[in-house]
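Chains as they are written, first to last, in the numbering used here: chain A, 1 to 207; chain B, 1 to 700; chain C, 1 to 320.
Any given hint could be a false lead.
To be verified - Derived contacts from chain A toward chain C, CB cut-off under 10 Å, selection only:
| id | residue |
| --- | --- |
| 1 | Ala57 |
| 2 | Gly58 |
| 3 | Ile65 |
Don't read these hints as lab results, they were simulated from the structure. Quantities reported herein were computed from a predicted structural model and do not represent experimental measurements. Backbone N, C-alpha and C fix where the C-beta goes; we use that ideal spot for every residue, glycine too.
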Amino acid sequence: MSDIAQTGFSFDATPTMHNDDPGKAISGFWLFMMSDLIIFSLFFATYATMLTPMSIAGGPGPKDILELRSAAFETGALLTSTFTFGLASLAIAHGRGRAQAMGWLLVTLALGLVFLGLEGREFARLLDIGAVPQRSGYLSALWGLVPLHGLHVTAGVIWLTILLVQMGTQGVTGRVRAGAARLALFWHFLDLIWIGIFSVVYLGGLA
Amino acid sequence: MTSQELWSLALGRLDVDALDFLKAFYAPSENDDILSGAAWVVILGAVTVVALLTIFRAWRPLFRDWLTSVDHKKIGVMYIVLAMVMLVRGVLEGVVMRAQQADGLTGGFLSANHFGQLFSTHGTIMVLFMAMPFLTGLINIVVPLQIGARDVSFPMLNSVSLGFTTAGAALIMISLVIGEFSTGGWTAYPPYTGRVFQPGVGPDYWLWAVILSGVGSTLTGINFVVTIYKERAPGMGFMQMPMFTWTALCTAIMMIFAMPAVTVSSAMLVLDRYLGFHFFTNDLGGNMMNYANIFWLFGHPEVYILVLPAFGVYSEVASTFSGKRLYGYGSLVAATMVIALLSFTVWLHHFFTMGQSADVNAAFGIATMLIGVPTGVKIYDWMATLFRGRIRFTVPVIYLLAFMMLFVLGGLTGILLANPAVDFQVHNTLFLVAHFHNMLIPGVLFGLFAGYTYWFPKIFGFRLNEVWGRIAAFNWIAGFMLAFFPLYVVGAMGMTRRTMAYAEPAFQIWFHIAGVGAALLTAGLASLCVQLWVSIRNREQTRDIGGDPWDGRTLEWATPSPVPEYNFAVIPRVHSREAFASAKAAGAGYPEPASYADIDLPGPTWTGLVMAIFGTTLGFGLIWYMWWLAALSFAVIAVTLIGRAIRGDRHPRVIPAAEVAAEHRAWLARIRALPAAPRTQERSPANRGMAAPEYRDLRP
Amino acid sequence: MPPPRPQPAMTAAIPLAMAIALMAGSAQAGIGFLSPEGPVAALQREQFWRIIVITMIVVVPVLLGVPLLAWRYRHGNARARYAPHWDLSRPLEWVMWLVPAGIVVVLGTFLWQDTHKLDPYRPIAGPTPPLQVQVVGLDWKWLFLYPEQGIATVGELAFPQDRAVSLELTTDTVMQSFMIPQLVGQIYAMPGMRTKLNFAADQTGDFAGFNTQYNGKGFHEQRFAARAMEPAAFDAWVAEVKDQGVPLDAATYARLAGQSTPAEVRKGFGTAGMPEDVTYFSGIAPGLFDGVLGRYMSGRALADAAQPGAPDYHPQTSGE
């Protein structure tokens, strides 16, 4: 009951928050990724339930259509890109100049595009051998999960391009820095998801 | 290219047969007249609104002050306006269904297809486009005020959320005029909603409306979790937060985790319907049981998303109108969190009848009953709050008392349904329908009405009419009991839900009673409209000048009514829970700041409005296969969002300290001149928003 | 405005009395599981009332307490104590959490036992092995196949009263849910999947059965009569069905599977001797039930025209 003696509230606070506090945006972005993670988890779970003979429905199963080689290259490209993004983040954090940060981001962008290219080639191959989503529940789950990640990477690539343009025209401003921090989170998040896909779909499916 | 090909490129699968409202002219029938009539109501309603806006030259203010505003209070009001519009449609649809069933022994007057659309839109609207916007509106209005903040963390995102929700609601309204809605219920179980069994536009309307509003709700959840984490006034720890804010926090967290599930189940159904995938089809390995699991992984938490904020309202109402601290704050917080957590572990009880093992059913049944424990604790906590209080029977209290007594009965039938072997008998019957209406009408809707009545003066500066409020409350409470208790009976007798006609004469009398209840509910709806009208007309008599008409306990009542755009002239420092009540008890309810500072405010934005308009056209294009429209709308949405992200807020405003100081000092001066109203005069014109102390003499 | 004068006892009585009267009313109605005619439904009713009685421990205090508190502590009542700062009592907290928790423990124990006892897959023990019936859900009727007897019916599920019945269910359209309230609760029937339901009747009689899962415009007509008969009467019934039944070959089944109500089936397939809304079949195509199950598991795509229940269904396409 000690608070009764006090006045409840007063007007002597010094304001600590500003509308453009980047901490808020980072928190919000973490929450967005958590909800995105639920989306991926449900596609993963659906994929797991669709590995049964009933859902493969006489069509090709994972062993018939998946190839480790291409997926391994994709994994390599994405893992390297997450490393180069890390270097870019360090360059920004330590103020090593715009050129260095942009350089690493350009490498990241290139690796992202390589990943998308390899994935596109993989999709084309699947379509070519008749492993289309319309064939079975299993293939629907595969085509639901993997391209969803691809779409996310595409969004990341577009975002990265915009960030590079901003960096090129405005320099490493506070806004750009905050955007880069969020994109870095997103990029590493997509890397984690890909590791899930590589383990569950490719390694698990071919084991 | 032939003209027909051009036509279908431009209009997709839309043709003149899709225009329901013309059917009354070229193919009149009793049922089609009802459908056409409903479509004409929507069209005429829209035309009337446009005409009124034009006559009163209200377009500019509408855009400038409302549609482009990012003020959380205005966004909240717009959410509630949307909810009220949808409430009208939802209630009327319910009434038409009750009328049909009252006449169901002889077949009734509706066509089967129309009846199927009615229960589907009724459920979808009431859950996703009435209750959700209503509670989101209340949270929007109240939470920043309760935590002593200027606004939410992401004001522009808030307006985007509203835009997407509105787009979803707009699609549901359009489905009444152009084409038809799904007949698959609000859960839209495939394969019945799959392309094979419903190739038309119905399920597509459902899907895109749900996906759009789901995106809006996810963003709302993110916004409010960050707001409550980051924007609390200095000194306000988590255990100093008002109870409504706690429930809003739990609801927002649940939105973040539950809404993605319905996005996924809907996206998969979209892939099935549009691209021939086999997630849920009968053939080629589709598995509709996955849909049931994913949908209810959203659907069950959803009911707690709805009910928790209502519990928050009841907590505020119980404590304010008993003139007493909220009993068992810690327990209530714990119970809220336990409910939020458990709600993710019980989804399977929606399909005990799918043939899984008894072990699985029993485990989920027990988990379901466990939710009864924290819920029961809450009811007891509110009773203990009433205990040794001085209860004033205002309209929110009437809703509170009715809620507590009716909700335990719903809880009782919920415990029944949690038992798989009993559920086998009452699942899919009107017993189940009675149960969830028993939870959602007293539990959610009464809470929303209580909150609407309670916080109305804070936003508009005058109280709602008490007499019409009581008439409305009586109609809603009595109407609810008469309309839904009989459904328990016919449900236990084996009357299935979603059934337009029956052969069992014993059902009829109960449906007649329910029909009377439906009439009372309609009267309740009408009373609410009259109440609003009368309240606006007599607003001088209920003017809330001081800002504290109910002897409030939390920070929102320490502000002027209507609240200025910036909420607080100076951000308060909080020393205790129920900060305003403590301050008033110490005779320091209206401190004057030592100094004022400039206030930064975000500028208006068109972004939310663009989302609403192009979200609607995106959905419409996808539903009718007008691919150009869908692509164009998507591009506009993407470019707008990216553009906004790049450029940021280009019109931020600063309100100079001098202006803030002048306004605030003027308000303080007005307050000092106000006579303090004792609680006996709470509902009389003597109440000008300045509360006489109830218990200064009773300090421990 | 004068303060309202609620009569606390009466206010409390309204919802409770209404609820109990309503439930008692439905128990008297002679339909539904509160008037059971078989061991499964009887246990379900027993469980229903037991849960209500136990739960009253937490419900009644609220129904009585809320109006009493509201009345006692109304604003105008100067005699009532006012304790504006009282907001916690440890002993009360324990009661509030532990009483409902204790009730859940008790109810949970019952729940676990009853759920296993009433597992729909569990055959009902009896002197003679249960009668096997295969059920195919179609848009808007149930097709009952009697493999031992070589007959099938629409609109009527007859069985000898002295034997339990063991159903296997599937559907050849969207999901449906099968129930005969006075005998047994429901179970879903799903395409490509086999579910089971076991029940028995205590005495002879006709009991209403239906589908509870909405499946389109004829949904409300998807009813049948479950008829428990004297053993001799059942044998006579089987003979009559065999005698009168129309042959159910693949082509007939394909026509039957399309959207139609029991009355329409009777009109389209029945002969003069059959009861109203009931159609008899004999000469059942072998393996019909497994064929329906297998169609969706074949790994072959089914055109819309080959899926009964689809608006585009065409009997010629599905008759594989």
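Original post:
Which earlier hints turn out false for this structure, listed by number in ascending order?
Top reply: Per hint list: single violation, 3.
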